[in-house]
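Residue numbers (the working numbering), protein chains in the order written: chain A, 1156 to 1479; chain B, 1156 to 1479.
Check each hint, because a few of them may be wrong.
[Said to hold, decoys possible] Okay, the calculated bits of chain B under chain A, using three or more residues with CB under 8 Å as the criterion:
id: 1; segment: 1172–1180
id: 2; segment: 1183–1197
id: 3; segment: 1298–1310
id: 4; segment: 1376–1386
id: 5; segment: 1457–1464
These aren't lab readings, by the way, just hints derived from the structure by calculation. Ideal Cβ placement from N, Cα and C applies to all residues, glycine included.
Protein chains: 2
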Amino acid sequence: MDVSNDSDSFGETPYAEIKSFFDSAPPLKDSSDIQRKLDEFTRRISLTPETERASRVVCVTSGGTTVPLEQRCVRYIDNFSSGHRGATSTEYFLKAGYAVIFLYRRGTCQPYYRSLPDDPLLECFEVTSESNIAVLPTHRETVERAISEHRSAIIKGTLLKLPFTSIFEYLQILQLIAFSMTRLGPSAMFYLAAAVSDFYVPWESMTVHKIQSSSGPLDMRLVQVPKMLKVLRKDWAPKAFCISFKLETDTDILLKKADMALERYNMHMVVANELLTRKEEVIVVAKSGKITVHRDKTQADADVESPLIKLVVDRHSDYISSGL
Amino acid sequence: MDVSNDSDSFGETPYAEIKSFFDSAPPLKDSSDIQRKLDEFTRRISLTPETERASRVVCVTSGGTTVPLEQRCVRYIDNFSSGHRGATSTEYFLKAGYAVIFLYRRGTCQPYYRSLPDDPLLECFEVTSESNIAVLPTHRETVERAISEHRSAIIKGTLLKLPFTSIFEYLQILQLIAFSMTRLGPSAMFYLAAAVSDFYVPWESMTVHKIQSSSGPLDMRLVQVPKMLKVLRKDWAPKAFCISFKLETDTDILLKKADMALERYNMHMVVANELLTRKEEVIVVAKSGKITVHRDKTQADADVESPLIKLVVDRHSDYISSGL
């Protein structure tokens, strides 16, 4: 859940780096189809009176991005992220009356599927003697909830799911989303929980064919991904409420990084996660101070996302009414 | 689908490298549980009269392995593989009367699920007004087949599924499988379709915490994974029928590599895949010569795995009757 890269050098937005990143990126497949879906989605929302919660849209990014090491990609570097945070948060945003654009890594955790086993088709269903497909009683409730809530969100048009795999796809689609959300002004939110690569291999400097291992050890040089958070905030979606995430395995580094991200990228909030405790608690870092949000330990199935999204929604309301 | 690494230097089995690989690997979780499952599975099969097809077991490996770049793994290098080849082949092996140990990468393609959409729960099911869960008529047949055939294989005990993620887990479990299959002699087969990393970062030389990007570009040195194919064939399972895979994006390199693997690792067969055409045709390389296997293009839903597994099973029969 580290959407930024962490160069300690402050400084201006690196437009040249960003231009060369996008110029060198492979063309986005289905970009016109994605554009069309986004336009329909945001246009419908923007027709809702601003006084209603239903006029709010959050773009939740989820899962890790890959960095191809070869143009015909056999090998790539991946960032660990199950997508659990993004999928769970999406459910709570929908519950809070938001429309959600769920920008997720292919194959990662989906909204409403958290409580299902790894292989629901195998573990939750059986074919009866009359060759009907039946849900095993033990899973009936969770499966029914998953299917009905998930389908209804898609059908009502409050949930738009857009998949990505590589860092190139992720940032290209994020830009399309940001531009199409501008019409929503401060009702738009970015909740950037995806684990975005800090390093990449520029497409043009990439080998076309599979790297051969015949020549001894493999030495690789990766360059830093430009600071897109800064551009998102400053140019792509200057009116939107922006929340980024920091994930570290070392708690000492974590808060220092969160403070830096808040300042450097001018985020409204930074959610600080420590890898091992991130499902129990997170620290929300804002200009007004730090708040530690805990999971309700009195309930077995309570998520830390429940109080987290409540806090985020309240702050977003303040932001909208402040008219900034 | 490149289970070997490709050092062009011939030479003896690198026992020292292999020892240091296993010594430095993080301990395998649930190893006793995996061992128990394997013992039950292979013992039951070994009680079947050798004259019957049912006494044959194939270990199908599927999907790509990851190479962690940090001990508390946030970043890792992955090998592209959907797992489609392994999952599809597993179905045809079961159909041919084999018992299958399916050693698969978590999250990759599963047997019987090929023809289902990406998100079957969302796209194939609906909750009826009586809040029953019903399959949409359009998907009824595929869903019913997926659930019934998959479940029956698990329940009959002809399919054992074992998941892995990292190169360390993969090779540790593969070794357990090989040892427990020795009791089956030549009735055992290894069908090594997994895309195994050629390079890895030795665990002890790995940074414990997340790599920080504050210090400019990232330079990495990875070392070659030891030639496990050679050890599998020579020491772990000397009587088993062994098939390895080569995947290349460059056809010129492909056959040269396949021939080398056949000779160097003493495989019984090497299946050569070209990345872009691998679902249409593969070239089976054996000491007796090369055979190109094509998908039956007259049928829309025919797989190249159908004729491929037929050929493999015939050759395995010859191998068993030859008493080698």
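Among all the numbered hints in the text so far, which are the ones the structure does not match? Those not satisfied are hints 1, 2 and 5.
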